[in-house]
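Just so we're aligned: 253 in numbering that gives the first Met the number 0 is position 254 of the sequence shown, and the numbers increase by one with no gaps anywhere.
Derived from the structure by calculation, the hints contain no laboratory data.
List of simulated lysine-lysine pairs, DSS-like, C-alpha gap at most 30 Å: (1) K447 <-> K191; (2) K251 <-> K74; (3) K458 <-> K291; (4) K110 <-> K310; (5) K251 <-> K191; (6) K191 <-> K98; (7) K74 <-> K34; (8) K458 <-> K125; (9) K191 <-> K40; (10) K191 <-> K34; (11) K74 <-> K110; (12) K125 <-> K310; (13) K291 <-> K310; (14) K98 <-> K110; (15) K458 <-> K447; (16) K447 <-> K34; (17) K251 <-> K110.
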Amino acid sequence: MTLRQAIETSFILLALWIAVGAIRHAIRPGQYVFKIQELHKQYGPIIRVTPDEIHMNDVGYLDTIYAPSMTRLDKYDYQLRTLRVPGGVGATADYYLHKIRREALTPFFNKRNVLLLDGVITEKVKQLCDLIAKHATTETPINLSDAFYGFSNDVVNNFLFAHETDVLADEQEAARLRHNSHELLKGINMNKHFPWIHDILEALPQSLTRPVMPPGLIDMLELFDKKPANPGAKESVYESVLDNPNLPASEKALQRLEQEGALLTLAGTESPAQTLNIIFYHLLANPSLLTKLRNELDTLPSPSTWAQLEKLPYLSTLIEEGNRLSFGVTARAARIQHQPITYTPSAYVTTQGPTHRSHILPPGTPVSITMLSAHTAESVFPDPYVFNPGRWLGDEGRERRNVLGIELARAELYLVTAALVRMFDLELWETGERDVSFEHDYHVTMPKHGSRGVRIVAKLR
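Make the full structure from the sequences, and use the hints.
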């Protein structure tokens, strides 16, 4: 074979590999993350998952791959195509630009600022309880997944944009928005494999493209058209960024801010809502967990503040376990280091295989460890798919997540869980574990196709 033939063959094989990846996502949507786990069992803790990306099934290397912020790590631009929001901090590939954008947002998301929203969250919790009480009175089931989505969406929109949205007041609207959001996420792999389609659409006037836009994208655009309910009453995330003297003018452009807002809204709605789904399904499917939580809540006055609730050890373990099994961002999130990585399987590795040996990865290699790998590592979490809050107690507790917006999410999780458990006797209605389990990877975890979510019947206590 001549050199030219070898080069041509290599390009053909590369094109075929990329095409096979696109076809796989189309035929078996959201399943490759599970296939990767199967491949690790066969080949060992380190494998090539695309022509240029490495995946590790070794939690001992989490701190190496996702090192502290002072270490230069770029994100993998190819993977960031999925969300089509390059202006958002979570979709920023360059380390230095990401650092600038994150530092501009960090003060806005600190605990002190979240505490200023305590009254809004408390009022929304009361509204959620009133909604469930209405169904209890009429003895009709309620879709908790829709209600949790409406609750989280209202809270995050008020926090980010000072909008007094009221999705929670309309169950059909909450269901519509949740459905649209999930349908939007189900299409994100098309963005990664065929970005030129959206490049063309985005170059056209919105008046032409709006009729063919996914409903979830239209929902986002309508959000940006809204005005703050009480201008000046609370600083919005836009004002926080615009008033930041350390940001260049390019970072304050309207399109960039809208993309930032879109990504923050999506994350701030989906993440707490999904964790609440996990927590309440397992509480209701395991009465002993519910009894233990109620006994602990009885030690505090009702209602309790977030500051009081987060001191309760068992409630805290429930929330940590809910976060673990909600998995956060399920898509591969590779990092690119600018120095070689020497990989030797750590003590956390339990699988053998051809790759169970040392490897040197050259600079510029995208390397990832999925949340599925990290959150189900049996050496850290025995029986990883079992909802077991006890694993977080005492010396076995693991390091908590430290991500942008975590304080707002924690406030929601503590206050909602405590309020609903105290006020109602809840029972699952036409709901099984596959309505909350991780069945498909659409950037976030999604259950079986056709799932209606967590549905319950309620009685006032």
